[in-house]
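A.B. asks: If you read the protein sequences in the order shown, they are chains A and B.
With our numbering, the residue at position 70 of the first sequence is 70, and numbering never jumps.
With our numbering, the residue at position 83 of the second sequence is 83, and numbering never jumps.
Keep in mind that the hints are not guaranteed to be accurate.
What the hints assert, rightly or not - Think about it this way: if two alpha-carbon atoms lie no more than 27 Å apart in a straight line, the pair counts; the simulated DSSO-like pairs of lysine-lysine are:
#1 Lys107(B) x Lys4(A)
#2 Lys42(B) x Lys58(B)
#3 Lys243(A) x Lys42(B)
#4 Lys227(A) x Lys107(B)
#5 Lys227(A) x Lys239(A)
Read the hints as simulated data drawn from the structure, not as lab findings.
Quick caveat, the model's predicted, so the values are computed rather than measured.
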Amino acid sequence: MKLKLRIWRQAGPNATGRMVDYDIDGVSEDMSFLEMLDLLNENLTEANQEPVAFDHDCREGICGMCGVVINGVAHGADKMRTTTCQLHMRSFEDGATIEIEPWQAGAFPVLKDLAVDRTAFDRIIQAGGFISSNTGSAPDAHATPAPKLEADVAFDNATCIGCGACVAACPNSSAMLFTSAKIQHLALLPQGQPERYSRVKSMVAQHDAEGFGNCTNIGECAAVCPKGIPLESISQLNKDLVKSLFMKDGK
Amino acid sequence: MANILTTHQRAVRSSVVKKVIMAVTGIIMIGFLLMHMYGNLKMFQGPESFDGYAHWLKGDILYPIVPKGVFIWIFRFGLTASVILHIWAAVSLSRNTLKVRGSGYQKFRPQAQTYSARTMRWGGVIVAGFIIFHLLQFTVKVITPGFDPNAGPFEMFLLTFQQWWMVVLYAVLMVVICMHVRHGFWSAFVTLGANSSPRSGKILNWLGIGVAVALFIGFMLPPVAVLLGWITN
């Protein structure tokens, strides 16, 4: 396959970025999107040019490290749930022009080219996305009964890999889908109950403090989420937060 | 500032709480619109019915619990408070979000958003402008194209909408309002936690569309009937 790439190049956090055109030949349709970028970087290195910086790690769609906006869609796939690494070149036409941009949000500053700083997510998790318990020998599996229905929804929410596509796609740069998934997967299980209401307060507060926008229930986030976290999670977060305001936790 | 507040205080000041304020006040206003639309349909029952209803609204509600003509002021106070809180929440949230959001992709292909959702901010500004115009026309009566300020409610309605351009103007503005209501209704209930399953999400979406369409038809029927000469003195 022969492709025309238009890639956002930005030398550093404070540099001005711009789209740069590259032609690439010899792309196999079995390559993943990241392998295609690897090939481009190989070519650039051989031509003594600066390779394109992008984040990646497991390349299996489970770590949440990779992610770029491809042709105007976060992770690049229309109506299909995938991460950038699991998007394959067979999804593109031979000779196509592909535009590649980094996630855009005030809270996700560009580090270089396509790599952005997503430590804001870590700080939201640190604010309350955990349960406090003594470590020691593992408790018996049936020691704490968890209702199947709630456990299933909790598990669905727990599949969030924190890639940031929800923020990238949101016209408000809101991280509510991420925050709600991280809150919901604990709020629905018995182990998450003791800190349920202090958690929702501190994580929502941290979300706002990090400079993410407010949610307007548009739904772009859920449409691009590679793990299919539903918009319902945000609705349930709102419900929990309103309830929490009548609780003493965090006062 | 942030570090001297407790977690609870930070949560109270969060965007989610402002959204809840916007949702509750929005639902109050949608309720008012539905009631207003229902009242307007009394145009089809003739002058006595319409004028009598208008008179009752301004005079007799809750009488004798409150003196005559007092309820309308309680009502106006509540509605004005809703409007102010709604706008305050919208301005406060939007100002922050417009400041912190991304600067815009070279290319962006929407996957889910509706036109209504995308135009909530500007739509809201237009709706606010319309409400001011509407009040100046029919409540304060300083903009009175086609009717005398001393005219009764039925006559006022009749003379206004016998002018085709007034019907067109109101039709266009109703489209803007109904689009705002379509996403607003959905968004309000989602914000209050009603979106609990894919099914309830779908129901809420269709309810929003239903309320918006009902408002448009209900509000436009009397003016169109007046224009076509179905309602006369």
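A.B. asks: For each hint, tell me whether it holds in the structure or not.
C.D. replies: So, going through the hints one by one against the coordinates:
1. Between Lys107(B) and Lys4(A) the alpha-carbon distance is near 15 Å, which keeps this suggested pair within the 27 Å criterion.
2. Of the pairs offered as hints, the one joining Lys42(B) and Lys58(B) holds, with about 16 Å between alpha carbons and a cut-off of 27 Å not exceeded.
3. At roughly 42 Å between alpha-carbon atoms, Lys243(A) and Lys42(B) are farther apart than 27 Å, so this suggested pair is violated.
4. For the hint linking Lys227(A) to Lys107(B), the alpha-carbon distance of about 24 Å falls within 27 Å, and the restraint holds.
5. About 23 Å separates the Cα atoms of Lys227(A) and Lys239(A), which keeps this hinted pair within 27 Å; it holds.
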